Every structure is written in structure tokens, then in C-alpha cells.
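Chemist: Each chain, written out:
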Amino acid sequence: MSHISERYTQAQSLWQGLEASDAPVFYVGAATCGRAAGAGAVMDRLRSEIAARGIDAQIVEVGCLGPCCLEPLMIAHKPGTPDICYGKVGPDEAAAILERHVLGNDPCAEWALGCMDGSRLDGIGPLMEHPMLALQVRRVLRNCGRIDPESMDHYLAQDGYRGFLRALELGPDGVINEVKNAGLRGRGGAGFPTWRKWEFARASAGSPKYLICNADEGDPGAFMNRSLLEGDPHAVLEGMLIAGLAMGASEGYVYCRAEYPLAIHRLEIALTQMRETGLLGENIAGSDFTFDIHIKKGAGAFVCGEETALIASIEGLRGMPRPKPPFPAVSGLWGRPTVIQNVETLGNLPLILHKGAEWYSSIGSASSKGTKTFALAGKIARTGLVEVPLGITLREIVFDIGGGIDGGRAFKAVQTGGPSGGCIPAEQLDLPVDYESLTAAGSIMGSGGMIVLDEDSCMVDIARFFLGFTQQESCGKCVPCRVGTRAMLNTLERISIGEGQAKDIAKLQEIAETVKQGSLCGLGQTAPNPVLTTLRYFANEYEDHISKGQCTAMVCQKLVGYHIDPERCIGCGACRRSCPVEAITGETKKPHSIDGKVCIHCGACLTVCPSSASAVFRTSGELTRVESVEKRKSAVKSS
Amino acid sequence: MCSCHADTASVVAEIVARHPDGRSSLIPVLQEIQESLGYLSPDSLKEIERLTGISSSESYGVATFYTQFRFTPPGKHTIQVCNGTACHVRAGQGITDEFSRTLGVNVGETTADGNFSLESVACLGCCALAPVVAVDGKVFAGVTTKKVPAILREYKAEGTREAL
Ligand SMILES: Cc1cc2nc3c(=O)[nH]c(=O)nc-3n(C[C@H](O)[C@H](O)[C@H](O)COP(=O)(O)O)c2cc1C
Ligand code: FES
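If you read the sequences in order, they're chains A and B.
In terms of my numbering, the first sequence opens at residue 61 and continues consecutively.
In terms of my numbering, the second sequence opens at residue 2 and continues consecutively.
Don't read these hints as lab results, they were simulated from the structure.
Quantities reported herein were computed from a predicted structural model and do not represent experimental measurements.
Among the hints, erroneous ones may be present.
Computed cross-link-like contacts, EDC-like style, restricted to lysine to aspartate or glutamate with a CA-CA straight-line distance of at most 16 angstroms [unchecked claim]:
(1) A:Lys567 with A:Glu553
(2) A:Lys357 with B:Glu36
(3) A:Lys618 with B:Asp98
(4) A:Lys618 with A:Glu559
(5) B:Lys47 with B:Glu59
(6) A:Lys357 with B:Glu33
(7) B:Lys77 with B:Glu36
Distance ranges between label pairs, derived from CB positions [to be verified]:
(8) A:Val543 with B:Glu110: 24 to 30 angstroms
(9) B:Glu110 with A:Ala500: 44 to 50 angstroms
(10) A:Val641 with B:Thr145: 17 to 23 angstroms
(11) A:Gly346 with B:Lys157: 58 to 64 angstroms
(12) A:Trp419 with B:Phe72: 51 to 57 angstroms
(13) B:Thr145 with A:Gly178: 37 to 43 angstroms
(14) B:Lys157 with A:Gly178: 46 to 52 angstroms
(15) A:Lys649 with B:Glu110: 56 to 62 angstroms
Quick reminder that beta carbons are idealized off the backbone N, C-alpha and C, glycines included.
In isolation and in its complexed conformation, chain A is listed as follows (with noise of 0.2 angstroms):
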């Protein structure tokens, strides 16, 4: 076993080896949205061309470096020219950067995202140009998508484990100050300071303590913490390394979704690399802090994000909230003082201690310093995983970073904090954002999940679809939150098929109120603030589904309706062979016509009827809507 402090001359001349090397490297950006993207086809194509032209050269798998959008992403080093990231790399694109690029002089600009490190090359501008991401800080995932994920070599090379050799200098109380210092607020949802947890724990009696890195992620259109994860694992296992001699814990557990096999495995890996390297077990790099790591997979279960549900669940039982206090830090794991930290909270600490205090709370915020990533996702024209200073503008991150709505249409609002968070409208967009300004608007940070809303998007059925996610992931431990959630997702359901009434707004109001005020845990109490913020901000919508039917979005299936225009009908039959309810009638060469009471509204027929007719229309109450093409494309791609 060798120690640490002797592996980074290694580290280093092996990174330097692969930045400077003679011969062309491949970086291929192979985390779960790579791959889904395609990543493994570029590869195998890349591994082919290599191999039948007999050069040189090598393919390094890699976290995600942010634009998801722009996916499959690959840098491709050429000895002597500044490295080059390329996005859409099919597998002939790949094929043509090594020949037109790598192996010639053209570096293929019209793939090119930007040179790395700041560069430029014949017109290709400095990746951190790139509009994506300009107004970008990125410190937590300073690291993704640019090393290789599953070696240590490559951490240690930009510094890793430094912040933890810090903290074992420092000692408890030094790490403790230091993070009190730099003002980090919990990043799973709730922004606690990350300090005084330490210290309730440290304080409290019993041992041995536990630390649980919270991976569960369990808001349903996020994925920062996969992201950080699959691209830099051992930048959260330090992070539980500093977080464990900090509040005097033995163990630590991940507790991590089932969904994300792929960062299971490379945690896995991190944690042997660890254990090889003397970084975990009994007197860590030669000091007298003893500390082990742990992996427990999720089974899904939302409520199990909640700590004392998450507590039940390691150990074995169903996942039931419990009532708090006590709280964790007091009586958590079988009974023993235990904090829990999110991923991203945990990805933060290492340079808090390597870098110090001062330099992390140079950026963000009065109340919310350094960095928080967002999963940019719904109706943005960009989407991925962006890192920005707390503080930046929603208008910022939604319009300058992501590019605005996708398909050109108006934007309506955007969600934060999953099904425990809310809707800010368009007023709001120059809101900061930081843990206060987000809870006043009815919404909250939440761990990060952005979801981009347009005006295609109603909002009753937004608050119908969180509704009914968190119905079904109600524990039925607690009776506000088990009838409550039930009896709102009634009502909407209600008035997404036309069957609301005036009386509905208040009794919604009511129930929320009461199911916030009287649930046992996090999930009931932030399960109605869908339902609030959009019935503060978008209560017209409720109005229109419940006095004319109308869903002015033509969103909810049940109040639109598919008609065709006789005028406009060329009788070509493709709707008539589209639907799958045989609802469609009509000669060939003749007008066709929708049996409305055998119609689902799935809305096939729309997406058929030829450009030149578009005879196709919808209505919705009062309104009727004939789209041109491109707009009816998006919109029932969207709708």
C-alpha cells in the first residue's frame, strides 16, 4: 500500500503524459446521457479507424461536461494545436475529425463547440465562450468530462485528496471553522448550514457516529447528482472523507438510486482505489482518523430521500418517516448521532479545503455563497446540467445559458425543487436565485431540478402530474398527507376532464394549507406547493378548465377536441389510418371526417395530416387553434 502524499508525482506525470501526449487523444463524454446519446457506437467507430490505419492514439471515457443537448461531446487532442470540443459526434463525425482533423488540417469548425483551456484555433473561439457556457462558474464539476472517472491517477492530478490532507491538518474544529467560513449551505433542498450539523453531531453522545451521502435524488427530472457522480466520484468520496473526520463519524454510507447502475459501478471502483491507497479503514494516511465507506442501493421510494426514512431503509425496514426531534444528529442509524449530506453538498468540500474559505465565498450571494448546478430540462433550447454562481438571475440561467425556449414559442414558467418545489412565473425571472429569494416566490432551491415550462404547458396538469406523484409515493404513514394528497389530486383531476366547479379553488387551497401545516415529514409538507404557486400565479388557467372547459395549453386530453376541415382535406387517408381507434371516416380523394364520441384525443391524425393540407385542427372551449406546420410539429412534440 503505498501512501498518498507518494502517489501524486505518479499522478502527475501521467496526466501530463495524456495533455502533452505525441499521440491523439480521444476524450468521449460517457456517462448515462452520452451513452444514451450514442457514445458507444462513436467509440467502437474511433476504436475501428485506429486500429485499421494502424496509428497511434487513444480513446479516454469521460464524465458529462454539461450540454446535454449537444451530446455525444468529445475533445479530441491533436499534438501541438489546442485541444478541440466537438459536439454531435455521430460515429461518421468521429470517424471525420480523425481523418479531416487529427490526421490532416482542417479542424472541422462546424462541429466545434470551442478550444479548451482558452484557446483558439482558425476561427474556433474558447469553449468557455461558448453561449452555454459563458456565464458558467464550474467548480463542483470542474472535473466532469474532463478526466477519466474510474482513475485515481487522474483526481489526484488536479489536486484531488489535497483538501482532505488539509483537514487532517486542521483537525475538527479547524475543518468545522473553515466551512462555517465559507458559508456552505446544505444542497439537497432544505439549505441547512453544513457546519452546524457537524456540530450537533460531534456533540451529541454515542458512538460509533455515521455520515449517509444522500444520492437518492429523488426529484423526477434531475440528474445533478448522477452527473457528479458518474464524472467525478472521488470528489464525493473525499468530500465524505472531510465531512467524517469533521463530525467524528466511523462509517459513512452512500445511499444511492437503483436507476443509476453507472454510478454505483464507478463508485465502486473509487472506493477499492481508495481502500488501495490507504484512503480508507484504520489510520487514513497515517493519522489516527479511521473511517469506511459503505454502498446501499435505493429500491424507489421517494420518501426515502427524507432522512429519517432514509435511516429506516439502511436499516431494513420500510421507508416511514418518524417524527423529528429527535433529530439525526442526535439518535439517527440504530440510534446513533448520523448526518446526512447530499451529494453536491459533499462535491463542494474539497475545495472549500484546499482552497480555502475566502476564495469560496467570493462568489454568490449575501445569504447563499459559491455554486449550485441546475439540471436545465422541459421546453429550453439547451439542455443539461449547468453550474452557476448563487445569485445569477432564473432570466440568466434560462435565456442566456439555455437559449430560451425551444421551438420559438413563449415562455410561461419555470419549475424548481421537483414535486416539493413550485412554479415562478415570467415576473419573476429576474429573481435571484438563492435559497430566500426562491422560498418567497412560493417555490424553493430545491436540489436542482429546472424544468422549463411554455405556453404549450398548462399548468393545471403540471400540478395534476406532481399531484399524482406524490399521492403515490405518500408513505400513508401520517393522515394529512395520505387523504390530503389524494383529495387534491382528485379535485384536479376533476378539472383537467372538465368536471371542476367554482368551489374547487378554495377547497384546494384549503387542503394544501392543511396538508402543509399537518404533515409528518418534508413530503406532505412541501408536496402542495405545485397546486399554491400555481394557483397564485396562474389561477386563470384553473378559471378556464372549470367555467369553459377550456385547456388553453391543449394539454388535457379530455377538453380537446380533433376536427378536420372539409376546405382544406385532400382525402390522402393518413389519418384515417393513423388513428387507432378508427374514429376517422372518408373516401380516398374525399373529405374525412373525427367521430367525436369514438375519438381519445391522442392526436395522431394531427401529427400525419400532410404540410400542404393541414386540415387538421383542435379546439378547446372557446378556442379553436389551425397551426402552421412547424409550429404544429412542436407543438405536439411538446404537448
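We have chain A; now place chain B with the ligands onto it with these hints.
Modeler: Below, chain B with the ligands without anything else, positioned relative to chain A:
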């Protein structure tokens, strides 16, 4: 993954032996049994009871709390349609309906020929590429209702070849 001929008792015994810490290992034990045998059969729960003393009603009570666990054999291929927020706002429900119509089964069911199980999941973590569907863990990005037949064909063809 499929070990149709494996003997339940020996699989369970081997897994239980690897987890000596009893009660707190119940969930990992159940997970590994499901991974090996495809689902949690009454026999496998009884075997846990015999080996560890954890009653099968207790195991069943824990397992039913978590959506991951199945109590009937899955189809040869498992289709997971994401119904997370990002996929929902980009037409996830329409895709579930399309699979459901094409296969003639509801979510949670298996086709009569045993080839496909249809499941709905909360989020596959690929929200940026929504809507997504995973078949046997392989993720398909940017799925539209029109792509459904092609996805199914990929797995049907395989089955047909094997049957020949
Ligand atoms: C229903 C529910 C689900 C939660 N899900 C998560 C989650 O998936 N990930 C997470 O880090 N925190 C989640 N939390 C918050 C955690 O309970 C806890 O506050 C957090 O992990 C603490 O870490 P932090 O202080 O580093 O933020 C959830 C809370 C509730 C009530
Ligand atoms: S919402 Fe479908 S992958 Fe996340």
C-alpha cells in the same frame, strides 16, 4: 440475468451467505435475489425465512413498500417508459399509451407471449434528452410515438431469431 433453470434454494442460500449481518441486509438480499431470479417468488421468501428467521410476511412487508420489487415473473424484455417531469412535459404519457396500445398491455403487465413487460418509472436521469425509454437498461433518447414500432422491432426480431 435470466437463470430460469437455477434452483431458487441454492440462489437464495448463496446470497444470504454473502450477507451475514441479518436484518439490516434484508433489502440488499431481496435486491440480489430479484437480480438473479427476475422476481421475488413466495418460495424465495420462504427460503429467506428458513435461513435467517426473518418471516416471509416481514420480507413481503418490506418489499411491497419499494417500487423496485416484483412479485410475478417479468417478461423477457422490460420496457421502462420514463414518466418524470421532463419526460412528462415532452409527451411521456403519449409514449406510454402508444406502447400500451401496441403491446395490448397496461403498465405493470407482461405480454401474453412473455416477451415484454411494460413499466413506468419516475426518472432515468436523462431528462435533458427527454422523452426517454429504457429497454433492458438501454436508454433510447428523444423518443416519439412514431419511433415506438422500431424500438419494439429491435427486441422482437431478436426473439424470433432465437425461436427459430
Ligand atoms: C420527500 C423528501 C425527499 C428528499 N429527497 C432528497 C434527495 O433525493 N436528495 C437529497 O440530497 N435530499 C433529499 N431530501 C432532503 C434530505 O432529507 C436532507 O435534507 C438532505 O439530504 C440533507 O443534505 P444537505 O444538508 O447536504 O442538503 C429530501 C427530503 C424530503 C422530505
Ligand atoms: S424525467 Fe425522464 S429521464 Fe428524467
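Chemist: When the hints from earlier in the document are held up against this structure, which numbers fail?
Modeler: 15
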